[in-house]
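**Q** Taken in order, these protein sequences are the chains called A and B.
One point on numbering: in the numbering used here, the residue at position 95 of the first sequence is 95, and numbering is uninterrupted.
One point on numbering: in the numbering used here, the residue at position 21 of the second sequence is 21, and numbering is uninterrupted.
Mixed in with the good hints there might be a few duds.
To give an idea of the interface, some chain B residues facing chain A are shown, with a C-beta separation under 7 Å as derived from the structure [said to hold, decoys possible]: (1) Gly42; (2) Pro43; (3) Phe47; (4) Gln56; (5) Phe60; (6) Leu90; (7) Thr105; (8) Gly109; (9) Pro110; (10) Gly111.
Treat the hints as calculated values from the structure; they're not laboratory data.
All C-beta atoms in this analysis are idealised placements derived from N, C-alpha and C, irrespective of residue type, glycine included.
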Amino acid sequence: DAKTTQPNSMESNEEEPVHLPCNHSTISGTDYIHWYRQLPSQGPEYVIHGLTSNVNNRMASLAIAEDRKSSTLILHRATLRDAAVYYCILNIYNQGGKLIFGQGTELSVKP
Amino acid sequence: DAGVTQSPTHLIKTRGQQVTLRCSPKSGHDTVSWYQQALGQGPQFIFQYYEEEERQRGNFPDRFSGHQFPNYSSELNVNALLLGDSALYLCASSSLTTSGWGTDTQYFGPGTRLTVL
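Between the sequences and the hints, there should be enough to build the whole structure, so can you do that?
**A** The following block contains the structure:
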C-alpha cells in the first residue's frame with residue numbers, strides 16, 4: 001500500500017500560519033493526495049485534496065511539489081479549534097475510496 | 001441534511017461473542033467504507049461496499065464481514081470476538097457515482113466504540 005511519512009507532532013501559536021509536511025515518494029501519476037483531520041473524540045474530517053496543482057479552499061491550502069513526492073498542508077491562521085491529528089493520504093486511482101491512514105501529525109495550538 | 005450516522009455509540013461484549021454495527025450514509029451517497037481505529041493509531045481500512053457488493057478489502061480476517069442494503073445503509077459484523085477487536089469502528093460514506101475514483105471525499109460518522117472483555 002502506498003505510504004506517506006509525516007512528523008509525529010507539531011506545535012503552533014494561535015493566529016500564526018502552520019505548514020504541515022508530508023512525504024510520499026512512491027506516488028504514481030494518477031494518485032490523488034488527500035488530507036483529513038481528526039479532532040478529539042470525532043471521526044476524521046476531509047480537509048482538502050489535489051493531484052498536481054496547488055489547491056485552496058475555505059479550510060486550508062495544499063502545496064504540491066513539482067515532482068509530487070511531497071506536499072504541504074497550510075493553515076493560514078491557526079485557531080485553537082485546529083488542534084487535531086492531521087493525516088496525509090494517497091487515494092490510489094484504481095483503488096478508489098480505500099484510504100490508507102498513517103500515524104498522522106498531532107498539531108497542538110497554543111493561545 | 002443528516003450526516004453519516006452510526007449505531008450504537010458504545011458496545012461492550014465478551015470474547016467469543018458476535019457483534020453487528022450499523023451505518024447510515026450521508027444523503028445522496030452510494031458507497032460505504034468501514035475502518036477500525038485502535039487507541040492511539042490511525043484508522044485501518046476494513047472494506048468498502050458499493051452497489052451492495054464488497055469492492056475493496058483490507059487486511060482483516062474473514063471474521064469481519066459486511067453487508068450493504070438497497071437503501072445504501074450498511075452493517076459490519078464481527079464473529080468470535082477477540083480482545084484485540086476492541087477499537088473505535090468508523091463508517092464513512094462517499095459517492096463514487098458522482099466523484100469517481102481518486103477524487104471522492106469520504107464523510108465519516110462519529111464511530112462505535114467496541115470494548116471486548
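**Q** Less than 7 Å between beta-carbons is the criterion; does B/Gly109 satisfy it with respect to chain A?
**A** Result: holds, 6 Å to nearest chain A Cβ.
**Q** With 7 Å as the cut and Cβ atoms as the points, is B/Phe60 at the interface with chain A?
**A** 13 Å, violated
**Q** Can B/Gly42 be said to touch chain A, with a Cβ gap under 7 Å?
**A** 3 Å, holds
**Q** Holds or violated: is there a CB of chain A closer than 7 Å to the CB of B/Pro110?
**A** 5 Å, holds
**Q** Is the hint on B/Gly111 kept, meaning its closest Cβ partner in chain A is under 7 Å away?
**A** 5 Å, holds
**Q** Can you verify the interface hint for B/Pro43: is its Cβ closer than 7 Å to any Cβ in chain A?
**A** 5 Å, holds
**Q** Under 7 Å, Cβ to Cβ, is where B/Gln56 needs to be relative to chain A, so tell me if that hint holds or is violated.
**A** Holds, because the Cβ-Cβ distance from B/Gln56 to chain A comes to roughly 5 Å (cut-off 7 Å).
**Q** Quick check on B/Phe47 please, does its C-beta sit within 7 Å of some C-beta on chain A?
**A** Because about 9 Å separates B/Phe47 from the closest Cβ in chain A, which is outside the 7 Å limit, the hint is violated.
**Q** Would the hint on B/Leu90 stand, with a C-beta cut-off of 7 Å toward chain A?
**A** The hint holds - B/Leu90 has a Cβ within 7 Å of chain A, the shortest such distance being about 5 Å.
**Q** Quick check on B/Thr105 please, does its C-beta sit within 7 Å of some C-beta on chain A?
**A** 5 Å, holds
Of the numbered hints stated above, those contradicted by the structure are hints 3 and 5, listed in ascending order.
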